[in-house]
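Please build the complete structure, drawing on both the sequences and the hints.
Residues per chain are reported as follows:
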Amino acid sequence: MSEKKKYKVDVLVVGTGPASAAASKRLVDAGLKTIAIDFRKLPRHKVCSGILSPRGHRFLIENFGPLPLKALHNPTSCKGVTFHFPSASSMPIDFLGGSTPHLHRKFSDHWAIEQSHVEVHDETAFLSLTTDGKKAVVSARCRGEAIEYEARFVIGADGPNSPVRASVYPEYSSEIPWFVVAQKFQPIIECPLDLDYFHFWINPKLGHYTWSHEREGRLIVGVGFKKGGNVDEHHKRFEDYMRDKHGVRLGPPERKEGGSHNFGPSIINRYVFGKENILITGQAAGFFNMLAEGMSCALHSGAIAGEAVIESLATRHPVQEVYREHIASEVNRSTDQYNPIKTVFDNVHEADFKSALKKLSRGDQLRAVRDLMKFISVYGDLNWGRQILGQSIRRLILGTYSTKRWL
Amino acid sequence: MKPTPKKAGTMHLDNVAPDSLQGIPRQRVNPPMWRRTSDEDAKDTWPAFVSDLKDLGININEGRAKRAIFVTDAGGLSYGMPDGVFSPSSATDIAEILKAAQRHVVPVTVRGGGLGTEGEAVAFGGLLLNMSSMQRVVDIDAKNLTARVEGGIFWHELAEVLRRKGLDYISAPLNFTSTVGGVLGVGGVDTNSPKYGLSADQAIALKVVTPTGEIVECSPTENSELFNRVILGYGQFGVIAEATLKIRKFTPMRMNYFYYSDLRTAIEDLRVIVEGEASDYSGILTIMDRAITLLVGFDSKEREDEFTKKTEPKLRGHGEIGFGLRMAIYYAFRPWKIGESLYLLKRRLLLFPDLMRREFTGKDGEIVDRTVIFSRAVWKHWGSKKMTIPDLAAPEDKFIEAVERGNAVCKKYFKYYTLYCVGIKKKQDAGDNHYEMSCVPKDAVNFAYGCEFEPSYGGGKYSRDKLQSFKNEIYDIGVDMDLSCYRFGGMMKGYIRRLFGDEVVERHLKMKQEADPAMILNKNTVF
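If you're matching them up, the sequences are chains A and B in order. Residue 142 in my numbering sits at position 142 of the first sequence, and the numbers go up by one each step. Residue 475 in my numbering sits at position 475 of the second sequence, and the numbers go up by one each step.
Heads up, a few of these hints could be off.
Covered, in the sense of this in silico footprint (three residues per stretch, anywhere, with C-beta under 8 angstroms from a C-beta of chain B), are these stretches of chain A [as the list claims (entries may be wrong)]: (1) 22-30; (2) 52-66; (3) 325-336.
Don't read these hints as lab results, they were simulated from the structure. For each residue, glycine too, the CB sits at the ideal point set by N, CA and C.
Right under this line is the structure:
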């Protein structure tokens, strides 16, 4: 048997998505020896709507430069979000920062990680991890060959089903609710919807998360619901609804894809940030913006994970302590979006919902709010209501969310 | 063969949506690590650069420990590792390095005390030129009141040499490790700036190493074009190897303090003093917008007496006891603000003794060395490993509004913060372009005013994103009100075009491309 391949690094980043690119950028800039690993061959496909928030867009430009055309889908940008209600008329809301890019995740993620100048080992699957708090040893496999990484820090930026998180908290995945999100690509025969926008249906009958937008001449028909539901049924219901209500006529689906996601931690402030020298970040930690836009908070939280490692090395403070202090700003930003008090009295979203609502007629405003309240009831069986309220009141009085609720 | 000009300095607009981000042209402000190659081919140019210099006896230090010393600056947010470090001992060293850098297209970042906060002196690869090795005082002319110094000398060290002869520099930032070269490149503000102007305006001649490696002596009369570009040139047009500065006779500083609880009143009074030229030193230092101290200083008893007679009656500030009583009453009726009142009290008890320590003051309480007093106090009571000090510089009429708007932003982000306001006298005989693309706003008539907004946080518990958002929001005020600011390079360079306008920036970029064909000197800092 041949000798196991070994690497000794300052930081091992697991995953090569936006969170990893942002963390890697910070670490490489600070001169730390860093390797990022991914189990797939890069560039890799990614199931995603590809719509980035203005804040994420800004982060990409400021840290990785102007986006190459290759990293974008057609149409290349998105003006904002249009909400559709069962009884009120539809409500378009422009993003506050202007149009944002429609990312081709396969290439945009690859471009970002390349721009970070980190050493990437692709086709390298994370297997297991042990740590004594100072030194972590990660076993991985690359094309059948065993590899061992010895790292002072490990950053798990490996998405919703994070294997790094699973190795630190084996029980976690079975304790949280999971949602299936699936999209079909259907040729457009007729579509009266404004294709400059991302469309979202606030309709309890259609499911937890129902959306549509154009990509490469096809319409994405997207549905999201609690794990256990039937994808085709949801799709059929949504397609029929779009035909009857909006007059959208589509050809048969050419492709479908989906995945499971961990919505929830952001909503109820139950993030997972890791233990000792293992940091968890991005969607693995539970970051999600409103409407399931995860890229901008992945970029920012990833950067914070990288900065925490650097500051921990410079100040000799325990890295978890530094990380948790710094991540509070990102937690506030993400969780504020689901905080009813903040939503009403502050501007926490990157699109101005309140002024868009004011543009509707008085009757429509009331119907929209009523529809919204009914929609929230879809989430009723998750028992989040009391937690959201408790956290919102705490935020109002103390100015922060509870850090004790984090893992 | 002369290398062809690079497009490196041009700003790439986002090609996704030209109107994206509210029409704000964003650009990359965290530069990529230099990949040790020129743009034309993928050949690693670094080893050839190092060996060329080695042949000339210039040994570049490539050790990781040495390079890591310079990984960040006083801001503590921007990080970058150079590929090598060199501490020059003469203008010839610098010239050889810049010649080789042009040839091999290797970026060279010049660093003095590293007191930038936006990564202006952080090297994202390439060579870091550590100027703090050039710290000699070359000559002192006590008769004509001038001093010739090397560019890397700390102002404070110059002061120590001068004071042995009863002399003093005129004006410099109140910080132990600001270097002469660094300050002449960006401005330099002291509490006597209302009287003398920017520290950079005290330079009368320079020995500059141009980006192509020529050693040129320049002054307002000799090679004046180069002199004007290098002064307030943000390090883009040459390395200051030596400088001749105006100096003056040493005088201790006689201090008066007035206390205010209203920001607007305090600033109006500051304007009365500055624009009436009623004092030799002045400034405002606050604890939030609750306890506002107006500092007024004098070089002589006569000046002080004149002020007491003519100007003091016009001021609306209180003495310490009167102000203390007012505060006590204010907080007595606002018991929910107990935390804030205790914080003020603690600040008062800790900070004031440090401003009046016996070992640094004369027998009448006059300040013998303001740098020692203020630099100690700043780093002890405000400083941390992350200095966050966004600022706004405004003409006379816009200043109060700028400070009030900035104050509102501070309140939104931080519980405790400090504002520092000071006036700057404009050099009257300076040409039209003298203050172009500098901290002095274009519509300032006789005086410009600056305000620094500094959060006070113990230890550094905020993410870079939070601090950056804070800075952006302050600078957004500058864009909105058409002001200028002091720290516009590095991580804040996305604001340069928005503050100064495309026409001015394009013109400066063109000058830079002519002066530095390979765009190697302080690359990415401004352009």
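**Asked** Broken hints, numbered, in rising order?
**Response** Checked against the structure, no hint fails, so every one of them is satisfied.
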